[in-house]
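S.K.: Here is how the chains run, residue by residue.
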Amino acid sequence: LAKTTQPISMDSYEGQEVNITCSHNNIATNDYITWYQQFPSQGPRFIIQGYKTKVTNEVASLFIPADRKSSTLSLPRVSLSDTAVYYCLVGDDPQAGTALIFGKGTTLSVSS
Amino acid sequence: DAGVTQSPTHLIKTRGQQVTLRCSPKSGHDTVSWYQQALGQGPQFIFQYYEEEERQRGNFPDRFSGHQFPNYSSELNVNALLLGDSALYLCASSPRGRVYGYTFGSGTRLTVV
Chain A
1 LAKTTQPISM DSYEGQEVNI TCSHNNIATN DYITWYQQFP SQGPRFIIQG YKTKVTNEVA
61 SLFIPADRKS STLSLPRVSL SDTAVYYCLV GDDPQAGTAL IFGKGTTLSV SS
Chain B
1 DAGVTQSPTH LIKTRGQQVT LRCSPKSGHD TVSWYQQALG QGPQFIFQYY EEEERQRGNF
61 PDRFSGHQFP NYSSELNVNA LLLGDSALYL CASSPRGRVY GYTFGSGTRL TVV
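Keeping their order, the protein sequence lines are chains A and B. So that you can map any letter, position 2 of the first sequence is 2 in the working numbering, and since no number is skipped, the others follow by simple counting. So that you can map any letter, position 26 of the second sequence is 26 in the working numbering, and since no number is skipped, the others follow by simple counting.
No lab work stands behind these hints, which were simulated from the structure alone. Please read all numbers here as calculations on a predicted model, not as lab measurements. Glycine included, each C-beta is placed from N, C-alpha and C at the ideal position. Each hint should be verified, as a subset may be incorrect.
Chain B stretches covered by chain A per the calculated footprint, using a threshold of three residues with CB under 8 Å from any CB of chain A [unchecked claim]:
(1) 41-47
(2) 65-75
No farther apart than 20 Å at their CA atoms in a straight line, the calculated lysine to any residue pairs in the SDA-like style are these [what the hints assert, rightly or not]:
(3) A:Lys104 x B:Ser27
(4) A:Lys3 x A:Thr98
(5) A:Lys52 x A:Thr21
(6) A:Lys104 x B:Arg15
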């Protein structure tokens, strides 16, 4: 599974757009990119998944350049409740049942 | 529709004891995975069960064992507890053959003293 590198922490203010970039230089052809969010004392929650270009849902957008060696999670107009740890995962399509491999994630702190 | 349910929510055990944690997967999910999350770290994969068999295993000693029942629920057993086993234990379920994401429970906080 490809190793990922993301910033340890980020700070933002309410109402701003936050972009968290993840580097995955050794991504394989069949690997998907998935982001999870985790609040203290809770399990991670699936945010978004993509393979290439751009994916958008009601929570976030995921931008993946053509070379797929990095990806950016974009959170529009964050609020205090977006304070959490965000994990970038790269691996096989979960359809295959591949175990999720988490790094340390990015701790996002949103202030008023 | 209930999500993933784990019990108990908190547990305190003494070194050397044995512990059993339980997980009920989300309705419609047939695959259960267990993760250990130490303070300040990301979750670490322990093992995964599907059709009542262990399908994948992470880098954990044999003290960690599990079981999946016909109703897809699962148990995680840890023998000869060490202080280092103190962590949040997370259960995640998923539907085999579907693409989008695993559903995690809120975990069991195990403290070994």
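S.K.: State for each hint whether it applies.
M.R.: Now the hints, each set against the structure:
no., hint, verdict
1, 41-47, "holds (count 5)"
2, 65-75, "violated (count 0)"
3, A:Lys104 x B:Ser27, "violated, 30 Å"
4, A:Lys3 x A:Thr98, "holds, 15 Å"
5, A:Lys52 x A:Thr21, "holds, 15 Å"
6, A:Lys104 x B:Arg15, "violated, 27 Å"
The earlier numbered hints that this structure contradicts are 2, 3, 6.
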